[in-house]
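From first to last, the protein sequence lines stand for chains A and B.
Its first residue numbered 0, the first sequence is counted upward by one per residue in numbering that gives the first Met the number 0.
Its first residue numbered 0, the second sequence is counted upward by one per residue in numbering that gives the first Met the number 0.
Hints in this document: simulated from the structure, not taken from any laboratory.
Remember, predicted model here, so these are calculated numbers, not experimental data.
C-beta: ideal position from N, C-alpha, C; glycine also.
Certain hints may be false.
What the hints assert, rightly or not - Partial list, computed: chain A residues near chain B (C-beta under 10 angstroms):
1. A87
2. E98
3. K99
4. A103
5. D109
6. T121
7. N175
8. S189
9. V190
10. S282
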Amino acid sequence: MKKFMSVLLATAMVATCLAGCGQKSEGASQAAGTEAAGASTDGAVFKIGSIGPTTGDAAIYGQAVMNAAQIAVDEINAAGGINGYQVAFKYEDDQADAEKSVNAYNSLKDWGMQILMGSVTTTACIAVTDKTAEDGMFQLTPSASSTDVIINDNVFQACFTDPNQGTASAQYIADNGLATKVAVIYDSSSVYSSGIEATFVEEAQAKGLEVVAEESFTADSKTDFSTQLQKAQSAGAELVFLPIYYTEASIILTQANGMGYAPTFFGVDGIDGILGVENFDTSLAEGVVLLTPFAADAADEATQSFVAKYKEAYGETPNQFAADAYDAIYVIKAAAEKAGATPDMSVSDLGAALTAVMPEISVDGLTGVGMTWKATGEVSKAPKAVVIKDGAYVAM
Amino acid sequence: MKKLNLKSMKKQTREQLFTYTVIIVVYIVVQLLIAAGSMSSLMQGLLVPMCTYSIVAIGLNLCVGYLGELSIGHAGFMCVGAFTGALCTKLLEGTITNKVLLLICALLVGTVVAALFGFLIGIPVLRLKGDYLAIVTLAFGEIIKNIINVLYIAKDTDGFHFAITNGNAIKLSDEGMWLINGAKGISRIPHLSSFTAGIILILVSLFVVYNLVNSRSGRAIMAIRDNRIAAESVGINITKFKLMAFTISAAIAGAGGVLYAHNLSTVTATPANFGYNMSIMILVFVVLGGMGNFRGSIIAAALLTLLPEVLRELKDYRMLIYAIVLIAMMLFNWAPKCIEWRQKIVTRLKKNTGKGAA
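Put together the whole structure using the sequences plus the hints.
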C-alpha cells in the first residue's frame, strides 16, 4: 500500500504541475487578451522575441545579442516606436541546443510573441525555423549563418551565409596576393566552421591557391592544437585560415608563438572578440587579418554611438554578434514600417506582410550600408577586411 | 473464463495494470487540456521530449536496475537510433506517404540498429566481471558522436556517395540530396513524432520490460545481479542473459532516439544532446526514480525535463535552482531519515483517516 501511496502522491504532483502550467498559460493568454483589447484605446505593443544561449559554451554570443537588441529596442521606443507603437522585447535562453531552442520558442509564444529575432546559433535556429514556418511567424536571425536556416520562406538572415564567408575569404586572399600556400584549421564538429571550410577550399582551388593542409579538431578536443600547427608548418603554409571562434583561435595563436611559427593568420567573423579574451596576450594577435562586417572602432557616427551606449550599459566592447542583432531589430522596424504593420494583426498575417516587403527594403546599419535581401532570405552586404594593429582593428 | 478480480491478482500484475492505467489517464487528461486550449505552447512542446526521455530511462533502468550493470553510454544508443531512424525516413519519404507508417519504419530500423550495436558491444564486455561495461559504453557514446560528425552520405541520380572527413569530395548533381552532412547532421527531417506516438511507445516499452522482468529469463537476470556465482552454479548461462537484457535496453534507448529525431527538424551529434552529459542525465532519471522501478523512471524523467523549463522565469539562475531542487529531491526520495519521516507521516495520516471513519 505504501508504494501505491507514493505513486499516488507523485502523480498528484505531476498533475498539479501540469495544471499549474495550464493555469499560468491561461492567465498569460488572458493578460494578452486584455492587452490586445486595450490596443484600440491606448496603443498596443509589437512583441519581438529573441532566442539565444545566455548559459553554456556559447553564452557570450547570446548575451551580446540580448544586450544589443535591448539597446536597439530602447532607442526605437524612445524615438516613438514602430508605426507609432511601442516595442516589447523578451529574450529566452536555449543553451545553443535545438531542443531547448524549440522550448524557448514555445515559451515566447505563450508570452505573445509576434516577431522572432533569433535563434543565435545555427543548429538551434534550424529547429526553430520549422516551428515558425508552421505558425507563419516572421523570423530574422542575427547570426545563424548556414544556408539550411533560410530554407523556409519566412526566415531571413542578417549575417552572411557560411558559403559566402568562405568564398569571400578565398577571393580576398587570392586577389590581394596574401599567400599561395594556405593551411586550414577548423572545427569539424561545428556547422559554422565546417560550412565555411568547405566553400573556402573549393574557391581557393578555383583561384589557384594551394591548400597544403586541412586540419580539423572537434568540440571535445579544443585545447591543444600543436599537432595541427606542426602539420601546417611542415607543409610550408604561409597563411593559416581559421574559420573558427575566437576562444580556440586565441589558443592557436599562443601555441604557434610558442613553436616559433609565424604565418599570416586569417579569420572570419568568429575571430571577432579575440582582443577581449581574458589572460590572452593581445600582442600575439598583431597582424591577424579578419573578414568581418563590423569593426568596433569604425569612425562613423552610428557605430560610435552604439559602441558608447553598449560600453556604458554593459561595460565591454560589442562584438559582431551584437552589431548584427542591433541591425536586425532595425531591419524588423524598416520592414514593419514598409508593410504598414500594426500589432493587432495576427501572427501569420504579420509574418506574410513582412516576408513580402523584405526584398524591397534597404537598410543602412552598423554591419553594412544599403543592406538588401533576396526573397530566399539571404542578405547582400559587403564584407570588410580588417587587420589587427596595435591592439585595434584597422581597415585594410 | 476466469473473472478478472483485482484482489486475487498477483501483486505484480496489479502494479503493472496500475501503471498502464495512470499513463492512459494522464494521456486523456492532457488531450482534454489541449482540446480545451488551457495548455501553454511550452507545455505542449515539452510533451514529446518528456516521452522521449521516459523511454530511454525505462531502457536504462532495465540495464542498471535489473541487470545490475552500469551503462553510461545510453545517449550513444539514442544517437544511433536517432540517426538511423532519421536516415530511414529521409530515404522512404518519397515512397511512403503515410506518416504513421513512415514513423513505424523509422522506429523499426532505429530500434534494430541500436539493438545490434548493443549486442556487438555486449559480446566482449558482458563476459567480464566488474565495471567494464561502464567504461566501454562511455567510450562508445563518444566514438559514435565523433564518427557521425565526420561522416558524409549523399544521394543523387548516380546512387549513394560516401565520404569520411572530407565532404568536399562529394560532388552532387542538382537533384542530389545530403543525407548526413558531417557536423551539420541530418536536416529537414519530417515532423512525425507526436504525444500519442510517445505514449504508445512508453506503453510498449513498459510492456516489454515488465514481461521480461517477470519471466523465467527475468528471474535469471536478477539472479545474476544478486549473486553471480550462485547463478552460475545452478546452470544459468550468464553471458546469454546479460546480453539479452543489455540488447533490449539498448533497443529501447534507440526507439527513444527515433522519437527525439522526428520531433526536431534537424539532428546533430553534439555533446549537448548525445554526449556524456546526456548519458549521466538519463542515469539521474533512473537513480532518482529508483533502480528497478520503471514507474519511478518515467515520473523522474518527466519531472526533470519539465523543471528547467518551468523555472525559465528565473533566467540565468534557473540551472542553479535546478541543481538545488535535484539534490533536495534525491534526499527526499532516498535519504534514510527522510524515508523514515515519510513513513511516519503516512502512518499518522492512516490513523487519522481510520479514526475519522470510525
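So which of the earlier hints does this model not fit? Violated hints: 1, 7, 10; rest satisfied.
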